[in-house]
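With the hints in hand, could you dock these two chains into one complex?
As they're listed, the protein sequences go chains A and B. All residue numbers for the first sequence refer to the UniProt record's numbering, where the first residue is 1 and numbers rise by one. All residue numbers for the second sequence refer to the UniProt record's numbering, where the first residue is 1 and numbers rise by one.
By construction, these hints were calculated from the structure, which means they are not laboratory data. Each residue gets a CB set at the ideal place from its N, CA and C atoms; glycine is no exception. Warning: the hint list may mix true and false statements.
Below, in silico cross-link-like pairs of lysine-lysine (DSS-like), each with a Cα-Cα straight-line distance of 30 Å or less [said to hold, decoys possible]:
hint : chain 1 : residue 1 : chain 2 : residue 2
1    : A       : Lys-132   : B       : Lys-70
2    : A       : Lys-132   : A       : Lys-297
3    : A       : Lys-98    : B       : Lys-31
4    : A       : Lys-116   : A       : Lys-35
5    : B       : Lys-90    : A       : Lys-171
6    : B       : Lys-9     : A       : Lys-171
7    : B       : Lys-31    : A       : Lys-171
8    : B       : Lys-67    : A       : Lys-236
9    : B       : Lys-90    : A       : Lys-132
10   : A       : Lys-35    : A       : Lys-12
Reference listing, derived: stretches of chain B covered by chain A, where coverage requires no fewer than 3 residues with Cβ under 8 Å from a Cβ of chain A [what the hints assert, rightly or not]:
hint : segment
11   : 53–62
12   : 74–80
13   : 86–99
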Amino acid sequence: MSTLKLDLENYKELLQEYITTKDEQALYQAEQFSKHSMQQNISPEEIINVHIQSLQEIYPDMPEYIQTSMNFLLETMISYGLAYQEYQTLREKQLELKSEISVAANMQKTLLSTVKPDIDELDVGALSVPAKQMNGDYHHFVHDNKGGLGIAVADVIGKGVPAALCMSMIKYSMDSFSEMQTDPSVILGSLNRVVERNVDASMFITMFYGLYNNNNHTFTYASAGHEPGFYYHKDKDEFEEIDAPGLVLGVSPEITYTQYEKQVEKGDMIVLLTDGVTECRTGDRFIEQEEVLHVIKQYSHLPAQGIVDQVYKHFERLQDFHLRDDFTLIILRRNV
Amino acid sequence: MNLSIDVTKNDGVANVMLGGEVDAFTAPQLKETLLPLTKEQDVVEVNLQDVNYMDSTGLGVFISALKATKEHDSTLRLIHMQDRVYRLFKITGLTEIMNIDSTVQGGM
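The shape of chain B in the complex, shown without the other chains (with noise of 0.2 Å):
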């Protein structure tokens, strides 16, 4: 299984629309691509919402986006995640510390 990353950059927000799987095999080639933008960007997006699996080695990617973004004072924001996927960040209590859009996909 394959992820597909599309990154609009616009006015120092950059959009990121991921779709897929976040896993082992993918992890390194999100995390190339998130870990830049965390630099150059004020807000990193990540669109979430065709994401269908994930698995721990992806919640590693989006903690170190997230420790990046505290080093370059920028803004990490996930949205539009579904059930699945929630629950994992969920359960390792990344919720409390991430800025998370709560309007889940498929409701909770």
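Just chain A, with the same shape it has in the complex (with noise of 0.2 Å):
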């Protein structure tokens, strides 16, 4: 109490000082002191409470009308008071809410991550960026035991936590999967059956699942209305789309998946990518699938990582470093 009784006097001597110089210097001072009773977590009736106590030191034969008058408005003001006090439980609540999603966004990218494979036959680049803190875009790589590579990329509708809880069910579903049933086919036919039994009516999955065979480098591929992703044909120097039509995961139980295969030539590339590619917009201008293929072919001449890095340089650039959706990006080239 003793720093209020202070501040008591500290107010009194302010406001007389302004009363009688009109000071800027004292509304300076007023201005500090409101700052300070903040930090005090003191409520504005109490200020109004100083206020008055303070004219009537000042004005002992202050009109009686003016102290009731004062009184009236320590009345109304004390609503603030309330509204100031929640305000200050709900910035608690929000600093701890936010630690905590930061938590799970760590605890996120420890489940969903996954290493680059490092193959003589195959030059890899990816690259994965959440808009917001928690990433509704996934990618994995799995190696299975027939000298395959298997490669997941998936994007959850809805965004946010709810979209990245839903990411972790996906991956763990595919670990549960057995190592010898690596078709892509059989793989989006089982997630479809575990989504549909798990998410809300209005969430669904697209996903993208390619296995790219080191033997007789074969792609095997299937999509579950996936944005479909193109195919680099080296001797042609020509971008083809690659397309699998399939529907999103967890809408139809009974939907199966057509599987597609492709030969891939020394130097062809595989560029598979998640809609905040393809969506992403400039202003009211939407980034149209030529302009994209375009900046590949601009930074063909570098490794795959490195291409993958600089479209994502270029695009947010173009969205002035501002994502509005998460951006995936895998570029797999044959090396030998």
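Set out below in structure tokens:
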């Protein structure tokens, strides 16, 4: 209480000084006083109370109606005081939530982490950047025991925390699948049943699953409504859309997925992405597919990781360094 | 950007006229309108002629509406979709399981 007492003296002096001199310096001091009061959690009605007491001391014969009007003001301010307290509590809670989310985001990073494969036959570049704290995109590399590399790229619809939780479910389901069974169509079919049973009606997941066979350089793939990737033919210097129709995961339990196969030649590239890449907008303008391909081509002399990094930098610049959606891009290129 | 939603009901058929963008901000509002209609009406027809942008959250609303029609034995129909929006339904395979008017605005 002693600090408040001191402040009362202080306030009275300031008030008196201002009334007599109308000096701006006193106003500045008043501002400091209110800042200091806020730090001490002093409510607005307490300040008014201090004001009333100061007035009484400065003007002992203050008219009664002024005194009464001051009390009236005091009552009026009480609700503001309560609102201010509530604001303080909310602020504390928000800080708490923020730190919890950042813990969760770190856990997610650990849970969903995947190691970019290091194989002689294949040059791999991968980048995934979340727009907010938690990533709704997912990509994963799996080695099977037959010299194959499985690549999953997925996008959970809905963003933020629910999407991230859903992603963890996908990751665990995939881990539980047998290593023998790596057919993309089978994997998508199994995941579809898991998602359909376990997520809310308005949530769904798009996924592209590909299997690269290092022995004969074939790429087998299937897609569950995922943004189409691209295939780059080195000999023709041309991109081709990887068209693999299929329904998104989680909508209908009876769906089967068709599997496709491609022979990959030396220098050919497979480009996999999420719609954060093709759906990015600069102002009101959408980025067209051709633009993405153009940028990839521009950097195609670089190693796969270099291309991926440069494409990201390009679109980050275009969007003023503010991502609207999670961004995931993977490039595979046959080396030998 | 906002979304305008106009509903006219006539003899078991609800016509829903949408205008603007269906995204994460406007999707909840659309869901609130659309889902009850699938229960109380036999046919829900959504006109998307003035919808120039839809993101995946918007798709989610139509998927839950489709699931709701199956539950309540009603029908959902989407008409006059713009190219960009149609592309989204096409990629996600939803054109195969949804009743979407093939006379797409602006031609495919």
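Going through the hints against the structure:
no.	hint	in the structure
1	Lys-132(A) with Lys-70(B)	35 Å, violated
2	Lys-132(A) with Lys-297(A)	29 Å, holds
3	Lys-98(A) with Lys-31(B)	29 Å, holds
4	Lys-116(A) with Lys-35(A)	52 Å, violated
5	Lys-90(B) with Lys-171(A)	26 Å, holds
6	Lys-9(B) with Lys-171(A)	45 Å, violated
7	Lys-31(B) with Lys-171(A)	29 Å, holds
8	Lys-67(B) with Lys-236(A)	45 Å, violated
9	Lys-90(B) with Lys-132(A)	28 Å, holds
10	Lys-35(A) with Lys-12(A)	17 Å, holds
11	53–62	holds (count 6)
12	74–80	violated (count 0)
13	86–99	holds (count 6)
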